[in-house]
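Residue numbers (this note's numbering), protein chains in the order written: chain E, 8 to 225; chain Y, 215 to 315.
Keep in mind that a hint or two might mislead.
What the hints assert, rightly or not - Between beta-carbon pairs, the in silico distance windows are: (1) Y:GLY268 with E:ALA192: 45 to 51 Å; (2) E:VAL39 with Y:THR240: 40 to 46 Å; (3) Y:SER216 with E:GLY195: 17 to 23 Å; (4) Y:ARG302 with E:LEU164: 28 to 34 Å; (5) E:TRP123 with Y:GLY268: 28 to 34 Å; (6) E:ARG163 with Y:SER309: 45 to 51 Å; (7) Y:LEU243 with E:ARG163: 36 to 42 Å; (8) Y:LEU308 with E:VAL39: 26 to 32 Å; (9) E:ARG108 with Y:ARG305: 36 to 42 Å; (10) E:TRP193 with Y:ALA224: 29 to 35 Å; (11) E:ALA185 with Y:THR240: 43 to 49 Å; (12) Y:ALA224 with E:GLY182: 44 to 50 Å; (13) Y:HIS241 with E:LEU116: 38 to 44 Å.
Since the hints were made in silico from the structure, they are not lab data. As the structure is a computational prediction, the values presented were derived from the model and not from experiment. C-beta atoms are modelled at their ideal positions from N, C-alpha and C, and glycine is treated no differently.
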Amino acid sequence: MRRLARAGVVAAGLTLAAALILAIVELPAAMVALPAQVEAHLAQSGVEHPVTAVLLNFRGYDTLLEVAVLLIALITLLGSTGGHAPATAPDANPLTQGLARLALPLVLLMAGYLLWAGAHRPGGAFQAGAVLAAGAVLMQLAGLQPAWAGPHRWLRLGLTLGFLVFLAVAAALLGEGALLRYPPAWAGGLILLIEAGLTLSLGLILAGLFLFVTGRRP
Amino acid sequence: MSAGLLYALAGVLLFVLGAAGVLLATHLLRRVLAFNVMGSGAFLVLVGLAQRGGVADPVPQAMVLTGIVVAVAATALALGLARALHARTGRTALSEEASRD
Chain E
8 MRRLARAGVV
18 AAGLTLAAAL
28 ILAIVELPAA
38 MVALPAQVEA
48 HLAQSGVEHP
58 VTAVLLNFRG
68 YDTLLEVAVL
78 LIALITLLGS
88 TGGHAPATAP
98 DANPLTQGLA
108 RLALPLVLLM
118 AGYLLWAGAH
128 RPGGAFQAGA
138 VLAAGAVLMQ
148 LAGLQPAWAG
158 PHRWLRLGLT
168 LGFLVFLAVA
178 AALLGEGALL
188 RYPPAWAGGL
198 ILLIEAGLTL
208 SLGLILAGLF
218 LFVTGRRP
Chain Y
215 MSAGLLYALA
225 GVLLFVLGAA
235 GVLLATHLLR
245 RVLAFNVMGS
255 GAFLVLVGLA
265 QRGGVADPVP
275 QAMVLTGIVV
285 AVAATALALG
295 LARALHARTG
305 RTALSEEASR
315 D
């Protein structure tokens with residue numbers, strides 16, 4: 008029975024692959040030239056890099072909802088774990104700790120650079136937040152900071168700050184007629200404000216996905 | 215054949231491999247990993263197809279960036295739930311029977 012199911016899955020997989028490959032090879036060219044549209048409106052977006060312009064201006068609501076999804080994932084994770092886990096100190100290896108101490112300032116510098124660079128080259132809040140989170144995880148693995156047992160008040164504020172700032176900007180701009188349509192003169196500043204908040208919150212949320220799990224009972 | 219098309223075709227293969235893994239694997243860790251392979255395949259198809267003509271399209275790139283971050287969060291949530299299941303029941307698969315083999 009097991010073997011039959013396995014053969015069925017393999018046959019279905021091969022059929023699916025063949026169908027998808029045929030569909031992709033035969034796919035006609037796109038009807039709408041999106042790159043040209045992005046290029047045409049880039050000057051009003053407040054940033055010079057097209058991906059950042061799409062993420063935070065043209066399709067800003069996608070990003071707003073994405074941050075909400077991340078928060079919900081973290082809250083659900085917190086709900087599925089128990090209280091403080093018995094503290095198991097990671098092995099305090101002096102070499103790892105020394106390297107982690109050396110890396111930490113570079114991590115902070117890198118995150119700041121990525122946040123700033125997002126306006127005109129690849130970079131932005133997500134990359135910067137991921138680097139921050141990696142720094143926090145590195146600190147925990149090296150034994151320089153304990154895992155998180157629970158979200159106290161300041162941590163809660165930090166976790167939600169990015170989403171709240173984004174939501175406040177979206178609410179304040181509702182009078183513009185469309186969700187997250189920035190006045191061109193303010194767009195650059197507003198995007199930087201949102202990205203700064205997002206960097207902090209995404210860093211904390213992504214770090215929390217690891218640090219809450221290790222710091223709490225399953 | 216352009217490089218973009220080649221990436222899209224590789225993405226199809228990854229997607230199908232991942233889908234077969236989700237269906238065939240019983241251990242929850244393997245399932246979560248297979249699901250991630252599936253997601254990576256979908257991202258590769260999106261980005262690859264969008265630059266078939268040789269010009270990169272920022273719209274699918276931004277969508278894939280969003281997707282990657284959501285996939286990381288979903289993976290963490292799935293792993294947390296699998297850990298909770300293991301702590302409560304000692305099982306590493308969804309059905310009782312599958313856990314034993």
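Status of the hints after comparison with the structure:
1. The hinted window of 45 to 51 Å between Y:GLY268 and E:ALA192 is violated, with their beta carbons roughly 35 Å apart.
2. Taking the beta carbon of each, E:VAL39 and Y:THR240 are about 44 Å apart, inside 40 to 46 Å as hinted.
3. A hinted range of 17 to 23 Å for the beta carbons of Y:SER216 and E:GLY195 is inconsistent with their spacing of about 35 Å.
4. A beta carbon spacing of about 32 Å between Y:ARG302 and E:LEU164 agrees with the range 28 to 34 Å that was offered as a hint.
5. E:TRP123 and Y:GLY268 have their C-beta atoms about 30 Å apart, which keeps the hinted 28 to 34 Å range intact.
6. Against the hinted window of 45 to 51 Å, the Cβ-Cβ separation of E:ARG163 and Y:SER309 comes to about 38 Å, which falls outside the hint.
7. Remark: the range hint 36 to 42 Å for Y:LEU243 to E:ARG163 is contradicted by a beta-carbon distance near 30 Å.
8. One distance hint, 26 to 32 Å for the beta-carbon pair Y:LEU308 and E:VAL39, is violated here, with the actual separation near 42 Å.
9. Range check, E:ARG108 to Y:ARG305: Cβ separation about 41 Å, and the 36 to 42 Å hint holds.
10. Take E:TRP193 and Y:ALA224: their Cβ atoms lie about 42 Å apart, and the range 29 to 35 Å is violated.
11. The hinted range of 43 to 49 Å is satisfied by E:ALA185 and Y:THR240, whose Cβ atoms lie roughly 48 Å apart.
12. The beta-carbon spacing between Y:ALA224 and E:GLY182, approximately 47 Å, falls within the hinted interval of 44 to 50 Å.
13. For Y:HIS241 paired with E:LEU116, a C-beta distance near 41 Å keeps the hint of 38 to 44 Å intact.
Of the numbered hints given earlier, the model fails hints 1, 3, 6, 7, 8 and 10; all others are met.
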